[in-house]
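Top to bottom, those sequences are chains A and B. For what it's worth, my numbering labels the leading residue of the first sequence as 1, then goes sequentially. For what it's worth, my numbering labels the leading residue of the second sequence as 1, then goes sequentially.
Derived by calculation from the structure, the hints in this document are not laboratory data. Take these hints with a grain of salt, some might be off.
[Claimed, not checked] Ranges between beta-carbon positions, derived for each pair:
#1 A:Val596 - B:Gln78: 34 to 44 Å
#2 B:Ile56 - A:Ile124: 44 to 54 Å
#3 A:Arg60 - B:Gln78: 48 to 58 Å
#4 A:Arg18 - B:Lys118: 39 to 49 Å
#5 A:Leu187 - B:Ser147: 31 to 41 Å
#6 B:Leu42 - A:Ile124: 39 to 49 Å
#7 B:Ser50 - A:Trp221: 19 to 29 Å
[Unchecked claim] Listed next, the in silico DMTMM-like pairs over lysine to aspartate or glutamate satisfying Cα-Cα at most 25 Å (straight line):
#8 A:Lys191 - A:Asp51
#9 A:Lys204 - B:Glu88
#10 A:Lys196 - B:Glu27
#11 A:Lys328 - B:Asp65
Each residue gets a CB set at the ideal place from its N, CA and C atoms; glycine is no exception.
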Amino acid sequence: MTAKTKAKPAPAQDAAPRLMSGAQIVVEALREQGVTVMFGYPGGAVLPIYDALFGQDAIRHILVRHEQGAGHAAEGYARSTGQCGVALVTSGPGATNMVTPITDALMDSIPMVVITGQVPTHLIGTDAFQECDTTGITRSCAKHNYLVTDVNQLARIMHEAFYVATSGRPGPVVIDIPKDIQFATGLYVGKDGITKPTYMPQRKPNMDAIRIAADLMTKAWRPVFYTGGGVINSGPRASAKLRELQELTGFPVTSTLMGLGAFPASHPDWLGMLGMHGSYEANHAMHDCDLMICVGARFDDRVTGRVDAFSPKSKKIHIDIDASSINKIVRVDVPIVADCAEALDALITEIKALKRKMPDLTPWQGQIDTWRARRCFDYKNSKDVIKPQYAVERLHALTRDRNTYITTEVGQHQMWAAQFYHFEEPNRWMTSGGLGTMGYGLPAAVGVQAAHPDALVIDIAGEASIQMMMQELSTAVQHNLPVKVFILNNEWMGMVRQWQELLHGERYSHSYSESLPDFVMLAKALGGHGIRCDKPGELDARIIEMIDHPGPVLFDCRVERAENCLPMIPSGSAHNQMILGEITGNEIGEAGRKLV
Amino acid sequence: MSDASTPTNGNGPKSAYFLAHADEVTERRTLAVLVDNEPGVLARVVGLFSGRGYNIDSLTVAEVDASQHRSRITIVTQGTPHILEQIEAQLLRIVPVADVIDITNSKTGIERELALVKVAGTGEKRVEALRIAEIFRAHVIDTTNESFIFEVTGASEKLTQFVDLMRPLGLVEVSRTGVLSIKRGKEKG
Ligand SMILES: Cc1ncc(C[n+]2csc(CCOP(=O)(O)OP(=O)(O)O)c2C)c(N)n1
Ligand SMILES: [Mg+2]
Numbered sequence: 001m002t003a004k005t006k007a008k009p010a011p012a013q014d015a016a017p018r019l020m021s022g023a024q025i026v027v028e029a030l031r032e033q034g035v036t037v038m039f040g041y042p043g044g045a046v047l048p049i050y051d052a053l054f055g056q057d058a059i060r061h062i063l064v065r066h067e068q069g070a071g072h073a074a075e076g077y078a079r080s081t082g083q084c085g086v087a088l089v090t091s092g093p094g095a096t097n098m099v100t101p102i103t104d105a106l107m108d109s110i111p112m113v114v115i116t117g118q119v120p121t122h123l124i125g126t127d128a129f130q131e132c133d134t135t136g137i138t139r140s141c142a143k144h145n146y147l148v149t150d151v152n153q154l155a156r157i158m159h160e161a162f163y164v165a166t167s168g169r170p171g172p173v174v175i176d177i178p179k180d181i182q183f184a185t186g187l188y189v190g191k192d193g194i195t196k197p198t199y200m201p202q203r204k205p206n207m208d209a210i211r212i213a214a215d216l217m218t219k220a221w222r223p224v225f226y227t228g229g230g231v232i233n234s235g236p237r238a239s240a241k242l243r244e245l246q247e248l249t250g251f252p253v254t255s256t257l258m259g260l261g262a263f264p265a266s267h268p269d270w271l272g273m274l275g276m277h278g279s280y281e282a283n284h285a286m287h288d289c290d291l292m293i294c295v296g297a298r299f300d301d302r303v304t305g306r307v308d309a310f311s312p313k314s315k316k317i318h319i320d321i322d323a324s325s326i327n328k329i330v331r332v333d334v335p336i337v338a339d340c341a342e343a344l345d346a347l348i349t350e351i352k353a354l355k356r357k358m359p360d361l362t363p364w365q366g367q368i369d370t371w372r373a374r375r376c377f378d379y380k381n382s383k384d385v386i387k388p389q390y391a392v393e394r395l396h397a398l399t400r401d402r403n404t405y406i407t408t409e410v411g412q413h414q415m416w417a418a419q420f421y422h423f424e425e426p427n428r429w430m431t432s433g434g435l436g437t438m439g440y441g442l443p444a445a446v447g448v449q450a451a452h453p454d455a456l457v458i459d460i461a462g463e464a465s466i467q468m469m470m471q472e473l474s475t476a477v478q479h480n481l482p483v484k485v486f487i488l489n490n491e492w493m494g495m496v497r498q499w500q501e502l503l504h505g506e507r508y509s510h511s512y513s514e515s516l517p518d519f520v521m522l523a524k525a526l527g528g529h530g531i532r533c534d535k536p537g538e539l540d541a542r543i544i545e546m547i548d549h550p551g552p553v554l555f556d557c558r559v560e561r562a563e564n565c566l567p568m569i570p571s572g573s574a575h576n577q578m579i580l581g582e583i584t585g586n587e588i589g590e591a592g593r594k595l596v
Numbered sequence: 001m002s003d004a005s006t007p008t009n010g011n012g013p014k015s016a017y018f019l020a021h022a023d024e025v026t027e028r029r030t031l032a033v034l035v036d037n038e039p040g041v042l043a044r045v046v047g048l049f050s051g052r053g054y055n056i057d058s059l060t061v062a063e064v065d066a067s068q069h070r071s072r073i074t075i076v077t078q079g080t081p082h083i084l085e086q087i088e089a090q091l092l093r094i095v096p097v098a099d100v101i102d103i104t105n106s107k108t109g110i111e112r113e114l115a116l117v118k119v120a121g122t123g124e125k126r127v128e129a130l131r132i133a134e135i136f137r138a139h140v141i142d143t144t145n146e147s148f149i150f151e152v153t154g155a156s157e158k159l160t161q162f163v164d165l166m167r168p169l170g171l172v173e174v175s176r177t178g179v180l181s182i183k184r185g186k187e188k189g
């Protein structure tokens with residue numbers, strides 16, 4: 001991760017110490033770190049920082065409607081640019097509202113710096129108005145956090161926070177700044193020379209491991225690349241190196257939800273996403289392979305299914321910058337602790353140097369073709385109702401040639417988006433994978449649009465999820481961020497309904513989306529444009545209307561209500577036990593019912 | 001391992017997905033965790049153990065190098081080899097953790113603990129308590145007509161044995177430091 005420096009670095013200073021207020025130190029450090037956009041919401045404990053932001057134009061501050069929105073917007077910004085996202089909120093409720101996005105960013109390894117105000121130092125611990133133990137609350141959900149107690153440490157802490165957030169396995173870092181520290185005068189120091197001796201992520205791979213991996217790769221008959229969000233987080237070079245290594249070897253590639261776009265979906269060796277709602281061919285290839293090369297993925301339970309039946313016949317190579325991800329869930333044969341791009345580059349060099357005649361992959365490719373022939377994503381289309389899969393397919397067809405970014409909420413629509421919207425490039429796909437946060441998509445889209453003002457940014461949403469953060473449409477209106485919210489409105493918390501159908505005898509307890517707002521009127525009320533469509537024949541025209549509208553749009557796409565998201569590996573099952581056709585209700589045994 | 005509903009592994013019954021290491025047995029480990037002595041660092045380390053469901057049998061902490069702000073946290077824990085490997089890796093992820101050293105009492109490591117043991121009694125029992133204290137090389141650091149406070153150091157099992165022997169002789173209170181450890185020989189650690 002490199003924090004690209006856009007803003008001018010602070011002018012070179014002569015020996016004269018630079019004294020300024022804590023609030024000015026915060027803004028100066030943000031500028032020096034190259035921050036040009038931040039997301040926030042004011043309150044008593046951050047007013048001095050807001051004052052320092054007033055009247056300057058190096059940093060654009062986007063005022064959200066709820067602090068959680070600021071956090072997800074910073075995540076969307078980060079994921080679509082590769083730079084660190086920044087959010088600023090007040091103490092107490094401002095900080096507690098940030099807990100969800102901080103946790104979300106930790107789970108999905110998103111670089112983010114969150115600045116929280118705190119009550120003045122002398123009031124800490126007294127249950128003062130809007131006091132909460134922010135560092136205590138965020139200790140386990142942030143990569144690292146700081147409570148600033150000395151204004152002369154503030155600049156160093158700011159720079160260190162950016163370093164920690166963006167290096168190694170990226171993640172959220174919280175800086176809690178008491179109000180008196182924001183007012184106090186202190187010394188500004190620049191970012192050069194900031195180090196953290198106890199924190200030195202390993203970027204370069206161990207070459208012995210690379211040699212063993214290259215040897216295995218040049219002898220494999222049934223290999224597969226299993227790639228993840230780490231490839232995206234490592235930066236565009238990692239995606240380029242993955243493509244290069246794939247070209248060199250011809251191995252098939254699958255990816256986790258988080259890794260979509262690192263490898264082009266149009267490539268003939270692309271297997272599609274793997275895991276619970278992944279493709280039949282990807283999951284079977286994982287199950288039957290003799291060599292698995294895991295690049296920047298972490299054997300999440302949504303990917304492995306039943307661990308004791310996971311890819312039983314394979315040797316496993318695992319590249320990850322986080323040593324604790326290795327051997328956490330699945331034992332691997334060749335651990336490589338390194339940055340993905342560095343490790344992939346080393347593998348390319350090593351394999352080329354071996355000049356070995358590699359095994360003929362034709363039989364393996366033939367096997368994969370028979371799995372592909374099952375056409376696992378086929379669905380019964382209809383002339384009368386819009387099938388959600390069809391809606392995403394049309395959305396893809398009508399936006400693929402544009403500069404498009406996709407975010408999602410959480411549920412069936414998220415999985416259909418992953419299955420039917422095909423990504424060619426990294427950083428184009430923002431979704432809450434690890435935490436599965438409903439409400440992520442719209443604020444994330446706001447963040448993406450702020451980073452890419454001219455791009456087409458679409459949140460593929462569900463009617464339930466969108467209601468969690470729908471106030472952020474007002475943010476989009478205020479800041480001229482023309483995001484499009486494409487709601488696959490099935491009038492159900494579809495994913496919950498599907499599990500109730502599968503596991504709870506079709507007892508649909510509290511999963512119907514009762515009393516839905518009129519989304520078209522809601523859009524109008526918030527200052528956006530509303531569109532409704534319920535006829536397959538009109539869908540294309542309405543999607544084009546959405547694209548062509550210059551401002552934010554809420555698109556109420558009425559889809560088939562009872563559609564299930566398939567294929568599916570039922571919980572507690574193995575990769576080769578996918579449900580392809582209809583759900584019968586008997587797929588999951590007693591053991592699987594207890595899983596999430 | 002065929003039925004996912006009965007996870008009989010060392011990972012606890014939390015998730016039936018955790019079936020890969022069911023056959024491993026639990027071991028005891030002593031880890032020295034060297035940290036930057038900054039606010040909250042102990043909470044980070046302890047929070048990691050509670051948050052991820054690892055055991056702490058004993059914990060001690062003190063600054064050991066004031067000039068470098070280094071503290072040493074000694075943790076006695078238990079787990080399968082897989083879990084112990086995870087514990088080390090997870091500890092190293094904590095930003096202010098500089099190093100994690102396995103110093104389990106063995107050929108390579110020494111462990112010691114200190115206990116303060118208060119015993120009250122008169123007559124035969126009082127004499128017997130003193131006699132046993134001598135065998136354990138415990139020092140008397142406070143005395144009244146009816147009580148002693150003993151200071152005793154050694155391996156944890158030795159302290160436990162001493163306390164058990166004092167129980168029938170009028171044991172009132174025990175205070176223990178928890179385990180400290182250091183590597184044998186001239187190497188750091
Ligand atoms: C904040 C939050 N609360 C609850 C859940 C559990 N959950 C997962 S999917 C889902 C239903 C989503 O419904 P909708 O947004 O309409 O999407 P659909 O599945 O119908 O496409 C729920 C409640 C969650 N993921 N996040
Ligand atoms: Mg729905």
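The hints, checked one at a time:
no. : hint                            : in the structure
1   : A:Val596 - B:Gln78: 34 to 44 Å  : violated (27 Å)
2   : B:Ile56 - A:Ile124: 44 to 54 Å  : violated (28 Å)
3   : A:Arg60 - B:Gln78: 48 to 58 Å   : holds (52 Å)
4   : A:Arg18 - B:Lys118: 39 to 49 Å  : violated (59 Å)
5   : A:Leu187 - B:Ser147: 31 to 41 Å : violated (57 Å)
6   : B:Leu42 - A:Ile124: 39 to 49 Å  : violated (18 Å)
7   : B:Ser50 - A:Trp221: 19 to 29 Å  : violated (46 Å)
8   : A:Lys191 - A:Asp51              : holds (23 Å)
9   : A:Lys204 - B:Glu88              : holds (21 Å)
10  : A:Lys196 - B:Glu27              : violated (33 Å)
11  : A:Lys328 - B:Asp65              : violated (33 Å)
Hints 1, 2, 4, 5, 6, 7, 10 and 11 from the earlier list are contradicted by this structure; the remaining hints agree with it.
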